[in-house]
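Same order as they appear, the protein sequences are chains V and P.
If you read the first sequence in my numbering, its first letter stands for residue -9, the second for the next number, and so on.
If you read the second sequence in my numbering, its first letter stands for residue -9, the second for the next number, and so on.
Hints were generated in silico from the structure; no laboratory data involved.
Since we're looking at a predicted model, the values are computed, not measured.
Just to be clear, a hint being listed does not mean it is correct.
It does not matter which identical chain is used: a pair holds within one copy or between any two.
Each computed DSS-like pair below joins lysine-lysine, with the alpha-carbon atoms no more than 27 angstroms apart [to be verified]:
#, residue 1, residue 2
1, K267, K355
2, K267, K400
3, K500, K104
There are 2 protein chains.
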Amino acid sequence: MASRFRITRALARAEKANTSALYSRPVSSSTACNAKFTTDSYPEIKRDSRFSQLTEDHVKYFKELLGSGAAVLDAVTNEAAVDDMEPFNRDWMKKYQGHCRLVLKPGSTEEVSKVLKYCNDNLLAVVPQGGNTGLVGGSVPVFDEIVINMSRMNQIRSFDEVSGVLTADAGSVLEVVDNYLAERGYIFPLDLAAKGSCHIGGNVATNAGGLRLLRYGSLHGSVLGIEAVLPDGTVVDDLFKLRKNNTGYDIKQLFIGAEGTIGIITGLSIHCPQRSKAVNVAFFGLESYEKVQQAFREAKGQLSEILSAFELMDNESQELVRRVTKNNFPLESQYPFYCLIETSGSNSEHDSEKLEAFLEDVMGKEIVSDGVVAQDETQIKSLWGWREGISESSGAFGGVYKYDVSIPLKSLYQLVEDVKAKIQTAGLMGETDEYPVVDVVGYGHMGDSNLHLNVCVRRYDKEVEKVLEPYVFEWIQKHEGSISAEHGLGLAKKKFIGYSRSDNMIGLMKQIKNLYDPNGIMNPYKYI
Amino acid sequence: MASRFRITRALARAEKANTSALYSRPVSSSTACNAKFTTDSYPEIKRDSRFSQLTEDHVKYFKELLGSGAAVLDAVTNEAAVDDMEPFNRDWMKKYQGHCRLVLKPGSTEEVSKVLKYCNDNLLAVVPQGGNTGLVGGSVPVFDEIVINMSRMNQIRSFDEVSGVLTADAGSVLEVVDNYLAERGYIFPLDLAAKGSCHIGGNVATNAGGLRLLRYGSLHGSVLGIEAVLPDGTVVDDLFKLRKNNTGYDIKQLFIGAEGTIGIITGLSIHCPQRSKAVNVAFFGLESYEKVQQAFREAKGQLSEILSAFELMDNESQELVRRVTKNNFPLESQYPFYCLIETSGSNSEHDSEKLEAFLEDVMGKEIVSDGVVAQDETQIKSLWGWREGISESSGAFGGVYKYDVSIPLKSLYQLVEDVKAKIQTAGLMGETDEYPVVDVVGYGHMGDSNLHLNVCVRRYDKEVEKVLEPYVFEWIQKHEGSISAEHGLGLAKKKFIGYSRSDNMIGLMKQIKNLYDPNGIMNPYKYI
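Extracted from the complex, chain V is given alone in its bound form (with noise of 0.2 angstroms):
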């Protein structure tokens, strides 16, 4: 049997196509889901009344204080700027809108801090905003909430080359920092597809997980350090350069996945690793969810320190990439599931003998069907994109309904068949036009639990909502699960925050929401 994997392996297809358009986060094409502002889509939410409306005397405070160039967009005193509003009145995926008519661009800490404080005294909702990348709307106004972008604060400030450590602004952007550090030897603990945009100051509010967490842990470990602003303009001033701090309560993990909701994230410090040398890449096709479970169970045990990542696909999923890139499959066959396995090591040919040892071993216990691995970076690049090119090509056909959760692993994939059963039940998927949906399918974070449940629809519909929800929540909290493994809850999850977590820790929540927040200025109408 081994020798069929290196069979394969010899011709390995995979193509030499360019994939570098499944990495960055393009505006999504989809018509189903067009400039519908979240006030009409969410009608049940009211603008709270505390809050003051924006005067031309709030606009000249903030020229003032930031100087009337780019730092501020003005649609309150200059009706014809409105259209320069939409890029941050709105998602990326085009599904909120909000009405903001000011956008603020802070260039320091100092200048986030009198924003703050401006905007508390005198009651002015704000929406903090990295690259907006976001998937649950929640870096988005609903209604006329100043948005604070922090595209300005955008340098690193230190590196220690010894230690790994890197200081830099909330908004430098992820894939700018990551450059930095490889030119240094380094990587960043983080990796995302919308890397091209997202700020690392938003990756760290949105406790975002990502590609390489199952080897460099999550943001709570690797942030070292947070320079924020709360709301009161005080700043915390916790950016500290080490790893080992116990001088009492480690504040800044509040911040981490809060969402901007209590603070503006200005700064931070984080542990990066040292870049792998060596890096393979294997993509292969396996019979049934049970032998993915065992190749997941035996990938830890052989590749243990130099797994980086093993990401699930289903047929379904790989279909979709398919159809949409025109791409060949990598395999010669077809399987009900793949799984990409990534290593990342120090030394190439210790890496390649336990990766090979591992395929063979899974390949002769027939765990595996059928596999290739990568033979160079564009081959690497490639294999990716059929995992990495899954959320675009699902939004392709009109629209998608996203499901970013996490599951105990022996039940992970049963989500995905008990709701395809239930819309197909409810005779709501089909191939033509009269059916709203196209198929359910399910891919993700293996190695972290994490399952991504999308279903891929025509055009949004009430009656795929009323089967789908509560209906996958439900299933979530039965299963023990999490409904927003990485995504956050922003304002799409903000109903079913229930299914995760108990009425005691709501309470001790808004309790944190309270003290910080009092006046409820921060990102308001979101999940708190």
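Keeping the supplied structure of chain V fixed, place chain P upon it in accordance with the hints.
Positioned in the frame of chain V, the structure of chain P alone reads:
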């Protein structure tokens, strides 16, 4: 040059002597620090008059709740039991001793909740206590606080053999848990000398660092869930068991490192890595701290993913161990500095090859002067004994002033040199009994920028203290380090928090303390 290492290696003289005593934490035999009440050492601390005095009625309530057996140690109504209080009143260094007359050992989270609620309602101060192995006086009472000892809550609740997630009671002993995991091919992501006594709940409450942090990161990253009880009896039921959960503020993080000042941790879930099949240990001598830094840089680069410890010991620290243990040095000559490197990986052959290549490289470049590689488990323990034995050996002459600090690597060892110079200048250090100071030694977790500075004394002496403090803390502040890397603040560092935290941060901590513990009953008189 490289061959020299090989010859030495072949000679590997690591002692066969049983060094296990160095791994458990014995009661110090020091006479200098005997049984002094904390109230005598810190006369400026006054009992808070808000707190009630314990009465027979209180004791009756607790006996009814917990049963009158071993769960309640009562010297309130039974004077004869005063001696039984000592192990709970006194820290293991015998530096701190309280006046507690009631020890409670709840057996369930519900009992902890009822105990705390009663104490809160009746203004009875409490001290949560795990294995009582802390180094800063945080786990023992000062006055008559009730000790809530967690030793009866010591069950492993669940373990998932695929994901490696363990859920256990807070009172489980670290070594017991690690042995349980070892049988299943996993490892607890934390290890420290006190493992035979310390509780995992205490480890989390103090954010213990220890020997595996370099490889497995901090508890802020690996702890997935916490169950804790607030003073008002509220159960923080956040015992999540998967790696990703982005559903609001990560409240549990506040309990990691809070040192029992806002609640009591009763259970936790934690992500445990695969146990490495191959462990190698090398021990080598170097001519300067500059070379130590070079060796660390090379080890990070060349050993990368298999490096699991990089420990630093100065010659003085190794002399102490030799004087106390009478063991032979592992190397033939003496050097100003020694490093202990541990690698952990899945393939013994690969790891040995990497380690040998590394050693040949650093020997060839004359970064390392001489070294040995352990040939078996006994030699591994023996070499570790030279590192782990320092703590005990430091106290063998009477007492020890211990500082556990983080310092940027480039200046890390300079603190030892500067402190020694100051003490010598003050005429306080010498070979004979008239001098209070025996020696000043430095060692620590180089890989984590964590230095342990021990000033070994024949007796505690105000003159020595005057030289040390606040000098050491001012030095740390100037170098942007932390006055407590992993030991915490407790009572010992209470006064010095300002050297590591700004007024803003201390203010934010006080807010949190007041939010959760408005009556201040949780571990009072300590750092907050």
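Hint by hint, here is what the structure shows:
no. : hint        : in the structure
1   : K267 / K355 : between (30 angstroms within a copy, 22 angstroms between copies)
2   : K267 / K400 : between (34 angstroms within a copy, 26 angstroms between copies)
3   : K500 / K104 : both (25 angstroms within a copy, 24 angstroms between copies)
Violation of the numbered hints given earlier is absent; every hint is satisfied by the structure.
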